[in-house]
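Undergrad: As a plain string of letters, each chain reads:
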Amino acid sequence: MSSHKNPGARNLFFVIIFAIVIFTLGAVLDPYNQGQLAVVSMLLIGVLSVTLLTGTSGQISLGQGALMAVGGYASALTILNLGLSMWLALAIAIIVSAMAGLLLGFAAARLTGPYLAGTTLVLALALPSLANRFESVFGGDVGLNVDFGNPPSWLISAFGEIGYEQWQLYATVPLTCLALLATANILSSRTGRMWRAIRDNESAASLMGVNVSTNKIFTFVVSSGFAGLSGALYGLRGIVGPSVYPISLSLLLLTGAILGGLRSIAGALIGSALVVFLPDFIDWATKPLALSEQIGNYLPGLIGGLLLLVTVVLNPGGISGALRRHK
Amino acid sequence: MNTLITTLFLGTTRGAVFALVALGLVLVWRGAGIVNFAQMGQAMFSTYVASTLIIKGYGYWFAFLIALVVGAILGAIVDLAVMRPLTRRSHAGILASESMRATVPVIASLGILGVLQSLAGMIWAAEERGFPTPVSDVAVKAFGKTAPFTKFDLFIIVVVALTLVVTTLFFKKTGMGLAMRATALNPEVARLSGIRISRVRTLSWAISGVASSLAGLLITPSANLSPNTLDLILIVGFTAAVVGGLDSLPGSVVGGFILGLLIAVINVYVSPDDVFLALLVFLLLVLILKPGGLFASKKVRNV
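Residue numbers (the numbering used here), protein chains in the order written: chain E, 1 to 327; chain H, 328 to 630.
Just chain E, same shape as in the assembly (with noise of 0.2 angstroms):
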């Protein structure tokens, strides 16, 4: 196959014909499912993150969520206190949080499995509690206000008139693919190979001249930094606080890269679209029952637990994994 000659060109060709596709969506649906789909964009980039960081060089953390509220925080204050554009602050979104992930990653690469898990946990705790510590600057349990803006007028003239959701989707898919092409390319790399050795076996890995703290360390820089743009845009959709990113949003990002396939960007592309729209989908599905609004406001978190339940028991791969094996 001439594709895995040039894994770079390859790449390219699919993060281009993803952008069609999400362009083209975002011109035919309606305002709310045109946000729905802004959201999975840019979730996208932090279940990539998870994809990274868990399914590439086998660390976990469940303080995903956390990673992401630095980014946004780093960019709301940018935008408001610097009075830089969206851009510039996404940019240093990313710088912030990829720092923050350097701190993490130097006590994080002396850990493995649970006592990671379990202390990035207690991170995406504590990390909230700063915003109401410092609230003349962090904006306390309200948090900060900040939003796109407006499209800029050579969209407007190039494609009509413009949704604010849309405009969200359309500022928001560049930067993912973005993201996509970066993903790819570190997979396909040197070191990629080298998370992976990681991965598979320390002790091996080591021994063939990979330095296992250090290529911890820098997974751990740049799962952040991707997990900070994906925070900084979810807050722009228009507050920045702590209800924005709850504890569930690192667990939200981690279902999304389990049950789509945790070792493919197909499978992050899959699980981010299957998280943002399994709730709608439930939604509709059951409206003929009838169903309490108790019931109603559960089942998705019932459906979701018991499908990461099935998918790690029976189908560890996710539906990617499935799908190549049935090839």
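You may find that some hints are simply not true.
Facing chain E, a subset of chain H residues (Cβ under 10 angstroms, in silico) [claimed, not checked]:
#: 1; residue: V362
#: 2; residue: R416
#: 3; residue: L443
#: 4; residue: L614
#: 5; residue: P618
A few chain E residues that don't get close to chain H, going by computed Cβ distances all over 12 angstroms [unchecked claim]:
#: 6; residue: F18
#: 7; residue: L25
#: 8; residue: F159
#: 9; residue: A182
#: 10; residue: L274
Just so you have them, the derived chain E footprint on chain H, three or more residues with Cβ under 8 angstroms [unchecked claim]:
#: 11; segment: 402-415
#: 12; segment: 559-568
No wet-lab data here; the hints were simulated from the structure. The model shown is predicted, which means the values in this text are computed figures rather than measured ones. Cβ coordinates follow ideal geometry from the N, Cα and C atoms, glycine included.
Chain E is already provided as a structure; the job is to place chain H on it using the hints.
TA: Only chain H this time, still in chain E's reference frame:
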């Protein structure tokens, strides 16, 4: 001075509950090599069962016992339905790699937590409930002075002390306890000497379920009951277990009391907002300086 004594008492009673949570985590970790993040979800579920029985008019003690039984059954179900099939397949596909074998059970336990919380939300609604105490929970008065603790605090201490004594006797004096210790020490050797280690594992999960349900029953009167209330207790229990070394039963108990006192001091003298920051700093310090726990023996362990 008075504040200090109150703080110490608060820290001790809370610490007793954290010790139970840590004990539950360590039991499963030793038995099955898994940190069960669903543990307090199971405890929440059995506490809801007890609360429902009490609302239906049954007595506290009946509900108390049923909750412990439900805790044991839930623990066994988690092992039989999820964890045992998971470890059976542990050499296939994605689980073939070293790091994923440690990671996937964590993810599975989070799935169980999600299922239990959603089920509880569906069955018992989201509104918070109180939970009764078997004895008075107003401050004890003696010799005309108000003591810094309540009868319920004493009750907690007594129940936890009894539990620890029973657990110790179980591990030291019974054949099953010996089998569990052997399995924790070396599963292969235990299997070769005729111990059915999968049964021992299920028993570890069941006993851990009882310990955590007990913790749920004891902590809930001081915090309202809702599907998510016990999550934070799990985090504290996890930290306590790590402080104690994660595979030492006495260590986990001491860790529980240390955490109880630490949190009480932070709550009273610093600010309740800072509890989790302090927890994070403490956990990181322990993991970096003494990764085997504060009471680590000479054995070097990969954390």
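Undergrad: Could you run down the list of hints and mark each one as holding or not?
TA: A quick look at each hint next to the structure:
Interface hint status for V362/H: upheld, as the beta-carbon distance to the closest one in chain E is roughly 4 angstroms, under 10 angstroms. Hint on R416/H holds. Least Cβ distance to chain E is approximately 8 angstroms, under the 10 angstroms limit. Look at L443/H: its Cβ gets to within about 8 angstroms of chain E, closer than 10 angstroms, so that hint holds up. The criterion of a C-beta within 10 angstroms of any C-beta in chain E is met by L614/H, whose closest approach is roughly 6 angstroms, and the hint holds.
Hint on P618/H holds. Least Cβ distance to chain E is approximately 7 angstroms, under the 10 angstroms limit. Residue placement check: F18/E keeps its beta carbon more than 12 angstroms from all beta carbons of chain H (closest about 25 angstroms). No Cβ of chain H approaches the Cβ of L25/E within 12 angstroms, the least distance being about 29 angstroms, so the stated non-interface status holds. With a least CB separation of 41 angstroms from chain H, F159/E remains clear of the 12 angstroms interface cut-off, as annotated.
Annotated as non-interface, A182/E keeps its C-beta farther than 12 angstroms from every C-beta of chain H; the closest such distance is 23 angstroms. With a least beta-carbon separation of about 15 angstroms from chain H, L274/E lies farther than 12 angstroms from that chain, consistent with its non-interface assignment. Evaluation of the coverage hint for the segment 402-415 of chain H: fulfilled, as 3 residues show C-beta separations to chain E shorter than 8 angstroms, against a requirement of three. A count of 4 residues in the segment 559-568 of chain H with a Cβ less than 8 angstroms from any Cβ of chain E is obtained; the coverage claim is therefore met, three being the minimum.
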